[in-house]
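Chains as they are written, first to last, in the working numbering: chain A, 2 to 164; chain B, 2 to 164.
In short, the hints are calculated from the structure, not lab data. Heads up, some of the hints might be wrong.
Intra- or inter-copy, both count: the list cannot distinguish identical chains.
[As the list claims (entries may be wrong)] Straight-line alpha carbon distances no greater than 20 Å define the calculated SDA-like cross-link-like pairs of lysine to any residue that follow: (1) K84 / F43; (2) K84 / T100; (3) K17 / T153; (4) K84 / W109; (5) K17 / W7; (6) K17 / A133; (7) K17 / D135; (8) K17 / L131; (9) K17 / A54; (10) K17 / D138; (11) K84 / A115; (12) K17 / A63.
Number of protein chains: 2
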Amino acid sequence: MTDTRWLTADELRAWKRLIAVVELLPGTLESQLQRDSGLSHFEYFTLAMLSEAPDRTLRMTALATHTNATLARLSHVVSRLEKRGLVRREVCAQDRRATNAVLTAAGWTAVVAAAPGHVRTVRETVIDPLTAADVADLDRIMGRILDVLDPTHVMVDAPGTDD
Amino acid sequence: MTDTRWLTADELRAWKRLIAVVELLPGTLESQLQRDSGLSHFEYFTLAMLSEAPDRTLRMTALATHTNATLARLSHVVSRLEKRGLVRREVCAQDRRATNAVLTAAGWTAVVAAAPGHVRTVRETVIDPLTAADVADLDRIMGRILDVLDPTHVMVDAPGTDD
DNA sequence: ACCAAATACTTGACGCTACAAGTATTAGCC
DNA sequence: GGCTAATACTTGTAGCGTCAAGTATTTGGT
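Work out the full structure: start from the sequences and follow the hints.
Spelled out as structure tokens, the structure:
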């Protein structure tokens with residue numbers, strides 16, 4: 002336990018603003034999706050990952066990795082999505098321990114219907130207030146932070162993580 | 002419902018990275034604080050706000066605003082903190098409808114003890130991987146996003162929002 | 001071939017947050 | 001002054017995420 006290096010005024014200001022965005026952004030996305038599509042952001046994200054996977058199918062473990070969820074959480078969420086007919090479970094033929102989550106036709110319809118409103122919200126809240134240079138800076142900075150938070154780049158820059 | 006303006010490749014990359022940080026950062030802060038201090042990030046933040054307020058006291062409504070919480074959520078959290086002896090409730094003398102949340106001596110001790118570890122985590126995950134120019138860019142970009150998410154700047158740049 | 005360990009989930013219980021409804025007090029209006 | 005509306009919370013309920021434990025299947029020795 003060495004001496005604490007406190008934040009400078011500039012660092013503190015940037016940090017406070019980042020943390021404010023981290024607190025506020027999820028709620029904004031959540032509200033819009035819930036209101037317009039009846040989906041939580043995590044549900045939307047899960048369906049989106051499946052929609053881009055080969056055969057619209059992923060093993061639970063792979064899906065959990067891409068959505069940054071625990072297997073337990075994903076299992077509960079997939080159960081709910083299954084009850085609503087948006088996803089279907091299949092036992093994996095190659096490895097009977099494993100479960101494949103498959104996007105149903107209804108699930109595809111739901112995610113396709115939800116996407117435009119979601120993208121519009123993303124544009125309004127994040128992208129459109131920024132200049133092209135800002136976007137480049139944001140990309141660079143978030144990349145540096147992710148090198149620490151997610152060194153193996155499991156969540157981003159892996160296949161099938163489009164939003 | 003006009004045509005959707007989809008994200009360009011650059012925008013999409015920056016967005017995906019931002020959302021990854023938004024998903025991963027809270028968990029990182031949460032784990033460290035819980036492990037080292039037995040506090041959730043929200044509890045820590047609540048105590049920190051109180052610690053910087055005059056008389057270490059704030060009305061519930063004001064505290065809720067600064068922590069970006071609903072009154073209901075804050076009420077539950079303060080109840081728990083009260084049970085642990087970190088916060089005390091007082092009826093406001095001027096307005097008997099209102100409740101003041103007051104940081105106790107034990108609460109002060111807890112937040113002071115938790116701060117160094119928290120700041121170290123913030124440094125390691127966010128500040129230190131960035132150059133000074135990055136920090137300035139981050140500050141500017143988050144400011145622009147906050148103009149949309151929090152137009153009245155209630156959460157940031159209001160008094161008593163240091164972290 | 002067999003058995004222990006590892007893997008891939010699933011399930012149940014508990015804690016936290018949002019939402020809805022309720023209580024107490026104050027402010028505004030006539 | 002008295003009545004209504006607004007304010008400032010508090011409390012109960014339901015839903016979602018986490019953690020711990022359990023089940024089923026496969027892998028890796030021996």
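Tested hints:
Taking CA atoms no more than 20 Å apart as the test, K84 paired with F43 passes inside one copy only; the shortest distance there is 16 Å, against 33 Å between copies. Taking the closest pair of Cα atoms, K84 and T100 come within 20 Å of each other only inside a single copy of the chain (16 Å); across copies the shortest separation is 44 Å, beyond that limit. In the homo-oligomer, the alpha carbons of K17 and T153 lie at most 20 Å apart only across protomers (15 Å), although the nearest pairing inside one protomer, at 27 Å, exceeds that limit. Proximity of K84 and W109 under a CA criterion of 20 Å is satisfied intra-copy only: 15 Å inside one chain copy versus 48 Å between copies.
Proximity of K17 and W7 under a CA criterion of 20 Å is satisfied intra-copy only: 14 Å inside one chain copy versus 30 Å between copies. In this homomeric assembly, K17 and A133 come within 20 Å of each other (Cα to Cα) only across copies, at 16 Å, whereas the closest approach inside a single copy is 24 Å. Taking identical chains as interchangeable, the C-alpha atoms of K17 and D135 lie at most 20 Å apart whether they share a chain (19 Å) or sit on different chains (15 Å). Taking CA atoms no more than 20 Å apart as the test, K17 paired with L131 passes in both settings, with 19 Å inside one copy and 15 Å between copies.
Taking the closest pair of Cα atoms, K17 and A54 come within 20 Å of each other only across two copies (17 Å); inside a single copy the shortest separation is 37 Å, beyond that limit. For a Cα distance limit of 20 Å, the shortest separation of K17 from D138 qualifies both inside one copy, at 18 Å, and across copies, at 14 Å. Only within a single protomer do K84 and A115 lie at most 20 Å apart by alpha-carbon distance; the minimum there is 19 Å, versus 43 Å between protomers. In the homo-oligomer, the alpha carbons of K17 and A63 lie at most 20 Å apart only across protomers (18 Å), although the nearest pairing inside one protomer, at 34 Å, exceeds that limit.
Of the numbered hints stated above, none is contradicted by the structure.
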